[in-house]
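Line by line, the protein sequences give chains E and A.
The numbering of the first sequence is my numbering, which starts it at 1 and goes up by one.
The numbering of the second sequence is my numbering, which starts it at 1001 and goes up by one.
What the hints contain is simulated information worked out from the structure, not anything from laboratory work.
C-beta: ideal position from N, C-alpha, C; glycine also.
Errors might be hidden in some of the hints.
In silico contact screen, one side only, chain E against chain A (beta carbon under 7 Å); selected entries [as the list claims (entries may be wrong)]:
{"no.": "1", "residue": "Lys63"}
{"no.": "2", "residue": "Val65"}
{"no.": "3", "residue": "Cys66"}
{"no.": "4", "residue": "Glu67"}
{"no.": "5", "residue": "Ile70"}
{"no.": "6", "residue": "Trp79"}
{"no.": "7", "residue": "Leu86"}
{"no.": "8", "residue": "Pro90"}
{"no.": "9", "residue": "Tyr91"}
{"no.": "10", "residue": "Ala94"}
{"no.": "11", "residue": "Trp99"}
{"no.": "12", "residue": "Met191"}
{"no.": "13", "residue": "Glu192"}
{"no.": "14", "residue": "Glu194"}
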Amino acid sequence: MAEEVVLLNFWPSIFGMRTMIALEEKGVKYEYREEDVINNKSLMLLEMNPIHKKIPVLIHNGKPVCESIIQVQYIDEVWSDKNPFLPTDPYQRAQALFWADFIEKKLCVCGRRAWTTKGEELEATNKEFLELLKILQSELGDKPYFGGAKFGFVDIIMIGFYCWFPAYDKFGNFSIESECCKLMAWGKRCMERESVAKSLPDPEKVVGYVLQLK
Amino acid sequence: MGLMNGSNNDEYVRLLGAWPSPFVLRTRIALNLKRVPYEYLEEEDTLNSESVLNYNPVHKQIPILIHGNKPIRESLNIVMYVDETWLSGPPILPSDPFDRAVARFWDVYIDEHCFTSINGVAVAKDEEERKAAIGKLEQCMALLEETFQECSKGRGFFGGDNIGFIDIGFGSMLGPLKVLEQLTGVKFIHSENTPGLFRWADRFYAHEAVKPVMPDIEKLVEFARLKFNTSIFK
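Please work from the sequences and hints to get the whole structure.
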């Protein structure tokens, strides 16, 4: 049966980037559909993700898979013959899922707050954001990738932030490059992969998007 | 390389937990389902516990499963780890990737919406906030009732004939839900509004992997009264 894969996305979304990278890593051909999430969500989005009405939505042969971390796991399991993202050892998998969860529940939440707070609260948020990046940098250590020698699950979950770093720098009034140079080096390394280069927008475009929001 | 499955199932297993925690309960149910012998260690003061700090320095939270000397953290991760490590006993996650994605989606929903609303009712500062949180929780129940009908397909559990990932994720919330029912007078799982969940809850409570570890509701109510500002409760 011919595979039909559709991705409903909104280009600046760090979440959507994860799914795109995962599909590219597996060499899966898919149809990309841009959603106007602010003004006019499509009927398809509302039907395929009726509970949250959010992107990204992965539609595989008509069946929707929602939540980016779940999508990446799904892609890894369906197209299991190529480039596995997660290790086979259950303990190593648990560690990878732990860090993915950390990025989701701590870094993403803090990152979102950075755009909606002002004054003292913003300063505290920015401080927390840098601390969380440092924790991740410490976890990375001297490894080329979070998973070790190979680009893997945690790298996919985290890398979308890389194209947002200049925006965070500009509005947070700090420099991630000077605070977390190992993490920046990791980001540059990931960008050398075709799957990542294809899936991340130009950071300047992201800055422009944030300027427009503010 | 080691054994066929790559892990030493006979290594010592410890679980650091706290009896009122629904997240700890999930991990105990999973271990029971797989008949894994383990030592349970009650952590009364997790913020000041050396063990908790040592094994979970990032979050300083329980549950923490320690297999040999390897710590596994986050309740759903622990459930998945148990499922992948001890292969005897019924599988907790289904084998089909799409069904697995559905199970994972609902457990994320249960944590991010259902549990958040339960907490919302408990920590509400005034009647208006409490009513809003109750409303959200009722919406969650309606959605989970639909999900139960879809997933169970006429069988006893979300997982089908056996307890699965969603049963464990949501079943662990039954205690807190019953506590809220007692404290607010609102019935969240109802024989008329949520008939599927109503019957499922009894089945879940009676399951051999659940019954021995489900906390006593009266004790949980007492715990909740002490922990939360219950002046707004009945």
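The hints, checked one at a time:
{"no.": "1", "hint": "Lys63", "in the structure": "6 Å, holds"}
{"no.": "2", "hint": "Val65", "in the structure": "5 Å, holds"}
{"no.": "3", "hint": "Cys66", "in the structure": "6 Å, holds"}
{"no.": "4", "hint": "Glu67", "in the structure": "6 Å, holds"}
{"no.": "5", "hint": "Ile70", "in the structure": "5 Å, holds"}
{"no.": "6", "hint": "Trp79", "in the structure": "10 Å, violated"}
{"no.": "7", "hint": "Leu86", "in the structure": "11 Å, violated"}
{"no.": "8", "hint": "Pro90", "in the structure": "4 Å, holds"}
{"no.": "9", "hint": "Tyr91", "in the structure": "5 Å, holds"}
{"no.": "10", "hint": "Ala94", "in the structure": "5 Å, holds"}
{"no.": "11", "hint": "Trp99", "in the structure": "9 Å, violated"}
{"no.": "12", "hint": "Met191", "in the structure": "27 Å, violated"}
{"no.": "13", "hint": "Glu192", "in the structure": "29 Å, violated"}
{"no.": "14", "hint": "Glu194", "in the structure": "25 Å, violated"}
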